[in-house]
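Chains A and B supply the protein sequences, listed in that same order. Numbering follows our numbering, with no gaps: position 160 of the first sequence is 160. Numbering follows our numbering, with no gaps: position 89 of the second sequence is 89.
None of these hints come from the bench; they were simulated from the model. Beta carbons: idealized from backbone N, C-alpha and C, even for Gly. Careful: at least some of the hints might be erroneous.
Claimed, not checked - Quick partial rundown of chain B residues pointing at chain A, CB under 8 Å, derived from the structure:
hint, residue
1, A53
2, I190
3, P225
4, P226
5, M233
6, L235
Stated by the list, open to error - Away from chain A, derived, C-beta distances all over 12 Å, residues of chain B:
hint, residue
7, H23
8, D66
9, V72
10, K355
11, I464
12, A489
Claimed, not checked - Some chain A residues well away from chain B (every beta-carbon gap over 10 Å; in silico):
hint, residue
13, S67
14, T77
15, V106
16, T111
17, S113
18, E114
19, T133
20, S137
21, T151
22, K167
23, I176
24, R199
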Amino acid sequence: MTNEDALTIPVNPAEWRLPSRRKMAVACLIVTESAMFTIFVVAYLFYLGKSLIGPYPAQVLETPIISTICLLGSSLTIVLAERALRQEHRGGFHFWWMVTIFLAAVFLGATASEWQRLITVHHLTISTNLFGTTFYSLVGLHASHVVVGLTLLGLVLVLSMRGHVKKVHQEHVEMISWYWHFVDAVWIVVFTVVYVIGR
Amino acid sequence: MAFQEIALPQTPGTTASITERLHELVVTVDHKKLGLMYIGTALIFLIVSGSMAGVIRLQLAVPNNDLVSPQVFNRLFTMHGTAMVFLVGMPIIAGLMNYLVPLMIGARDMAFPRLNAFGYWMFLFGGLLLYFSYLAAPGLSGHGSAPDVGWFAYAPLTGRAFSRGHSTDYWILALLVSGIGSIVSAINVIVTTVSLRCKGMTLMRMPLFVWLMLVVSGMILIALPPLTAAQIMLLLDRFLGARFFDTQAGGSAVLWQHFFWIFGHPEVYILMIPGFACVSEIIPVFSRKPMFGYPLMVAATVMIGSISMSVWAHHMFTVGMTSVGNTFFAVSTMLVGIPTGIKIFNWLGTMYGGKIRFELPMIFCLGFLFQFLIAGLTGVMLAVAPFNWQLSDSYFVVAHFHYVLIGGLLFTIFAAIYYWYPKAFGRMLDKKLGLWHFWLFFIGFHLTFDPQHIAGILGMPRRIYTYDAGRGWEIYNLLSSIGAIFQAAGLLCLVANLLLSLRKGKPAGDDPWDAWTLEWATTSPPPEYNFETLPEVRSRRPLWDLKHPEDPDWKYE
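Can you make the complete structure from the sequences, with help from the hints?
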């Protein structure tokens, strides 16, 4: 080759595509959050059956079937909402988005009433025993992620009502959906550990 | 066009008043300014917590000394360790990544400039929070001062019963805050590296510096959250009466050790790999040869990164694990020696047959190679569980990790400062003063830490406040303390050099070292937009290709 070849552009701009920044960042966030949840899950498993005094999980925990269905279902409805946005179907987007928010709220409400029952009826608090300590911190960490997700979902709804969410914001919405799927996936782990293995 | 406005030539600091300049620092989102702010702040913390080490050495210089009280001594080594890891090591690394990664991959800034600024401010305020504990930790109860539980804050010493007042709370909160800063800057580096590389820069054409920093950032993502999680648990214990580490209620003090070291050991590599990153850029340039075994270097780094996640309990051989546990962690720890050995041989291979130029960065790298080898060897010694039972918690361990972090990491940081300072400020650092720095620091370092190996073998435990005469430790401690004076003098030469050369240094030009990576293609200091036109690369050494069109690298890669 000649010298000129060394200095001309060898790569076709169209061929030089790198992953989206947004997707990479959210993927990294999910990785780092997973690492944190792992430690709380390990602590829960490590302390299973190590409480010196009651109440014990088998005595007081009830399997939260309905709220689990709601949360997992919301992963489906958020995908439907995304699809509606992609097809520029505003009504559909709003509908499925609100259903998602509703399902998330039901989940949080169920957690709240479960905690209320545990505290007032069974007198289980975070300082009662190791079960209380690990239960409230693991479930609470997950619930706080649901709260963050609910805030984001609400924010998008408000912006969308005001007409600020368009098809170009598809990827923004998709990122919230990624986060939401992550929160759901964590719940599957928490559910298995706390309500299936832990009882 | 907005773009032209950014592209105006700038003459910073000529007319701006001091408040305007400060304002500029507060509002900036430029990766270069933030990078220098990280490094500058870290150097200030280095001097502060280095002085604390100085007081420790004064206290230990002679037997039965009572220069400081035992309580103050506990605070000193806790603050020294915590600050050196979280407020010096981590931010210097963040600073180097911030400054260099975008320049090396031909980008105009980091992927998320504002997040980047957020990371810096989190680190700064986390650091201030840690030192603020001296004033505020007594709180209303009047107990406590600065944290005094050691940098790893073992339970149950950190429980409310044993650590009254708020000293431990400050330790937790300061590290939580600065930890968030580290995580966001790691995310930023990963996204920048993956998504902003200039045209033609495939992964296997990235400078090794960028590769290694990418691995480090990945490790931060996985290794830091365990610390955050454990600290949240400790906070719950201290404020809400949770039982995580409360042995009275069946909680486990050993669990804290596991959680801490799941973070703590990868952290050592998080600190060390950036040192490798700098060396891997500097040695080739001053040997006038391309890096020997580039793909192997990448593979070895990824190997170190992954193995380092499974070695943590070698800090806990004396806890009383099962023999299976001991064997596993001893073996996995020794495994790390393999990729690390590969790296040392690759650096030697790069120098072999090269036309070595003994400039300051290279001299510091040579010091690093020699010292890091010894640090690695004592590391393998400590990985042998029975040997570890004998020497755990002795000065041998202190000597070992100071060999890693000073003899290894700090020497490479110095090399990096001498190498990239001309790029950042447009002026060369003074060679004579730099040589003074090297020799004073080199002698001081060996005088301080070589005797500590022997003191440790003779049985001197870590973290003791004083010791009786007649145990045979006196001479080694005295030598150690004298060495600290030399180190301080060396550091003074560096600080003087940094400040003096800012005005009086020889103008550097764009490419003073005749180097090959993209940061040398732009001006010194680089303009705010880094590159007028985004570069385009065809090999690992784009500037070589540019300077030698008759014999470019891309023909052979």
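Do the hints match the structure? See the list:
no. : hint : in the structure
1   : A53  : 32 Å, violated
2   : I190 : 5 Å, holds
3   : P225 : 4 Å, holds
4   : P226 : 5 Å, holds
5   : M233 : 7 Å, holds
6   : L235 : 10 Å, violated
7   : H23  : 29 Å, holds
8   : D66  : 41 Å, holds
9   : V72  : 34 Å, holds
10  : K355 : 24 Å, holds
11  : I464 : 33 Å, holds
12  : A489 : 42 Å, holds
13  : S67  : 24 Å, holds
14  : T77  : 29 Å, holds
15  : V106 : 27 Å, holds
16  : T111 : 18 Å, holds
17  : S113 : 21 Å, holds
18  : E114 : 19 Å, holds
19  : T133 : 4 Å, violated
20  : S137 : 6 Å, violated
21  : T151 : 18 Å, holds
22  : K167 : 22 Å, holds
23  : I176 : 17 Å, holds
24  : R199 : 19 Å, holds
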